[in-house]
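Engineer: Sequence:
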Amino acid sequence: MADSSIDLSQALGAFMEEARELLDQMEAILLRAEEAACDEEDLNALFRCAHTIKGSGGLFGLDEVVRFTHVVENVLDRLRKGSLQFDSALITLLLECQDHISNLIVAVAEHSEMPVARSDALIVELQGVLGQAPGGPAPGGPVATTPAPAQETAAEPERDEDGSAVMAADHWHLSLRFGEGVLQDGMDPLAFINYLNQYGKIAHIETITDQLPDFDGADPEICYLGFEVSLISSASKAEIEGVFEFVQDNSQILILPPQSRIAEFLNQIEALHGDVSRIGEILVACGSVTAKELEQALAEQRRAETPARIGEILVEQGAVPPTVVEAAVKKQIHAEERRNVESKSVKVPAERLDALIDRVGELVIAGVGTHAQIGRLDKPDLLESADLLLSLVEDIRDMALRLRMVAIGEVFSRFPRVVRDVSKELGKQIELRIHGAEAELDKSMVEKIGDPLMHLVRNSMDHGIESAEVRRARGKPEVGTVELNAYHESGSINIEVKDDGGGLDRERIFKKAVEQGLISPEAILSDQDVYRLILAPGFSTAEKITNLSGRGVGMDVVRSNIEALRGTLDIESVPGQSTTMRLCLPLTLAIIDGFHVGVGSSHFIIPLDMVVECIELPPDIGDSAYFEQRGEPLPFIRLRDVFGEEGPAHPRPRIIVVRFGSRRAGLVVDRIYGKCQTVIKPLGPLFAEVPAVSGSTIIGNGDVGMILDIPALIRHCSDIERSYLRLARPVAA
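Yeah, the sequence shown ends on 733 if you go by the UniProt record's numbering, and it's all consecutive.
Please note that a few of the clues may not be correct.
Per label pair, the in silico range of CB-to-CB distance [stated by the list, open to error]:
#, residue 1, residue 2, range
1, S391, E351, 48 to 56 Å
2, V418, H716, 31 to 39 Å
3, G427, A121, 23 to 31 Å
4, D527, V612, 20 to 28 Å
5, S520, E35, 47 to 55 Å
6, D529, V116, 38 to 46 Å
Derived DSS-like pairs (lysine-lysine); straight-line CA-CA distance at most 30 Å [to be verified]:
#, residue 1, residue 2
7, K476, K424
8, K81, K292
9, K511, K476
10, K443, K347
11, K448, K428
12, K347, K81
13, K681, K347
14, K512, K428
15, K201, K81
16, K379, K675
17, K330, K292
18, K54, K330
19, K54, K81
20, K476, K512
21, K54, K201
22, K347, K54
23, K443, K681
24, K448, K424
25, K681, K448
26, K675, K443
Keep in mind the hints are simulated off the structure, nothing from the lab.
Glycine included, each C-beta is placed from N, C-alpha and C at the ideal position.
Taking the hints into account, I'd like the entire structure generated from these sequences.
Structural biologist: Here is the structure:
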């Protein structure tokens, strides 16, 4: 027999992923609301996000998530209905609630204790917004009262011209025909009616006696009576239907919504996502039809010899007004039109994608090796086939890498909230502008640049943007601007963090660096070199320590993180006007375009985008460690010495001039093999501490090649370059 058990852990993982996406959507809408750019669709979407998290959380028994999100949902419901309006305090509170729901989801994922105390504190604030006493039910939610006899709760009904009672147009109308055997089953119809008081107030009850027989023919154990009930309630149709759950199968329960609810159903249909396409699904999703009613209608449709449309059946049964079905049909047509033009997407676990990239990398290596061996056979036809095969393998590699590419906007989307919160903390007015959010790079890169970018943005706000008073005095707008910009350039992606603040103070940075012993007072440095001093460990120009700055940690960590991604960080500044931090990163960490060189019997790969040129080492260089090239000092190191390569040196060594950021250096090698494209393999624990090596690869002939860590090698040369002015004039190239 097949195992029909459900993998709840996998389903829970999908819920948490969906919840994070919904929380991001909530944050974006709330931030738009603060700029008065929130429309009716946004309000509906905001409510849907909380409602979906609450509903999905209930499926997994996440009681604390449901409890807290329900109160948030009540506030959002009041907002979308117009009985509450956004203001700065409410947006701040809702953003805190969004953060807290995120923390609850994290607690679920980590199996840690739920922060119930924080939930309670926020619920008190939310209840204050709703205008109720702490601990009481949320306005607009179910009203918990002690059940009372139906006749005591019934209000005096409105009367028609002939004196008969009529149901109010804005009340729920329940037509109840209990099964004849309900009393024999131990059920009391009045108990069900009394229980409706849990969801609102019964405005009127009318007893229907058309099935009541003569006294002599009556059976006291059979229910002959029907009831027409008018109910004042803000509960949903599904909640009201749930009251009669235990008698539904043998009774006729008809629940008609008030006029105000019909308008709400129409709005809900309009706001539904396009992935809901069946008429029945649309009606259930908007709340006009319950799942039980749909199930009964579908059963009737299946029994009919000439099946009617499901909407027609539901209207005929009185389950839904015709206007709601018409709106659902229009929504269905619109959804089908959207599906015809939208591209399909498939979610794939990241580990499967990583495994695919790894296998494709092995395929590339095998293809290059096979091509090299065939090339030595001197068989043109076979070589032509190998060329075609290698070309197809490279196409597959490129396609596989594109699968990992995601938009940088995934990172940028975090920053509107950051700018909002930090600007309030600093007491500054700051606007964030985002450009190039559609630029793509490898998903692994996206996951790793979030923290460095976060530090740069906070730094721009704290150190870069001046106070409103200073900006007014300088003739600037009071509102400062921080820009995030991303664009592709030469096989890399550039990400800029730019502010229109006061710029970097060159003299102040230089003086502070001298005080901290980073440079000597006589040092002659360019503006770029001075600005790069802020990247030194422990460097800070802040006069006092705050929550944001002043401790001298951060920028050096940013530099280290960027360099670990084979990237560079450049700094530009215009005093009094602006500062730009520019990150240049490779698009992927899986495969690189390299420059293959050899030293002795060893092979090395230099990232091609860091190679400037190749020149011959001057024959009269002697033991010098630098020489002058085009009027500038060029420090260099011999890779033979760095890696302890034995054997005689090459009689005509070459220098590979490399650049990292604004720094240049030369690497002395024996042989140059040329350009190559290679798959990066991580170093094992045995080689993790090898200096100046960032990874390894397999080259075409099957040998191992070491990928050089150019930033580390250039740092090795930095002392040589700084001593240039204190030494004798170097050899000229």
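Engineer: For each hint, tell me whether it holds in the structure or not.
Structural biologist: Now the hints, each set against the structure:
Checking the proposed 48 to 56 Å range against S391 and E351 shows it is violated: the Cβ atoms sit about 29 Å from each other. Evaluation of the 31 to 39 Å hint for V418 and H716 yields a pass: the beta carbon distance comes to about 36 Å. Between G427 and A121, the C-beta spacing of about 25 Å keeps the proposed range 23 to 31 Å intact. At roughly 22 Å, the beta-carbon separation of D527 and V612 lies within the given 20 to 28 Å, and the hint holds.
Checking the proposed 47 to 55 Å range against S520 and E35 shows it holds: the Cβ atoms sit about 50 Å from each other. Against the hinted window of 38 to 46 Å, the Cβ-Cβ separation of D529 and V116 comes to about 54 Å, which falls outside the hint. At roughly 20 Å between alpha-carbon atoms, K476 and K424 fall within 30 Å of each other, so this suggested pair holds. Simply put, K81 and K292 have alpha-carbon atoms about 28 Å apart, close enough for the 30 Å limit, and the pair holds.
Distance check on the hinted pair: K511 and K476 sit about 28 Å apart at the alpha-carbon level, within 30 Å; holds. For the proposed pair K443 and K347, the alpha carbon gap of about 14 Å is at most 30 Å, so the pair holds. Distance restraint check for K448 and K428: the Cα-Cα separation of roughly 29 Å lies within the 30 Å cut-off, and the hinted pair is therefore satisfied. With a C-alpha separation of about 35 Å, the suggested pair K347 and K81 falls outside the 30 Å cut-off, and the hint is violated.
Note on K681 and K347: the hinted pairing holds, with a Cα-Cα distance of about 26 Å set against a maximum of 30 Å. Between K512 and K428 the alpha-carbon distance is near 26 Å, which keeps this suggested pair within the 30 Å criterion. At roughly 21 Å between alpha-carbon atoms, K201 and K81 fall within 30 Å of each other, so this suggested pair holds. With a C-alpha separation of about 24 Å, the suggested pair K379 and K675 falls inside the 30 Å cut-off, and the hint holds.
With a C-alpha separation of about 24 Å, the suggested pairing of K330 with K292 holds against the 30 Å cut-off. With a C-alpha separation of about 29 Å, the suggested pairing of K54 with K330 holds against the 30 Å cut-off. For the hint pairing K54 with K81, the CA-to-CA distance comes to about 19 Å; that is within 30 Å, so the pair holds. Proximity of K476 to K512 is assessed by CA-CA distance (about 28 Å); at most 30 Å being required, the pair is judged to hold.
Distance check on the hinted pair: K54 and K201 sit about 26 Å apart at the alpha-carbon level, within 30 Å; holds. Simply put, K347 and K54 have alpha-carbon atoms about 23 Å apart, close enough for the 30 Å limit, and the pair holds. With a C-alpha separation of about 18 Å, the suggested pair K443 and K681 falls inside the 30 Å cut-off, and the hint holds. Restraint check: the Cα-Cα separation between K448 and K424 comes to about 27 Å, which is no more than 30 Å; the hinted pair holds.
Between the alpha carbons of K681 and K448 the distance comes to roughly 18 Å, so the proposed pair stays at or under 30 Å and holds. With a C-alpha separation of about 26 Å, the suggested pairing of K675 with K443 holds against the 30 Å cut-off.
Of the hints listed earlier, those the structure fails to meet are numbers 1, 6, 12, in rising order.
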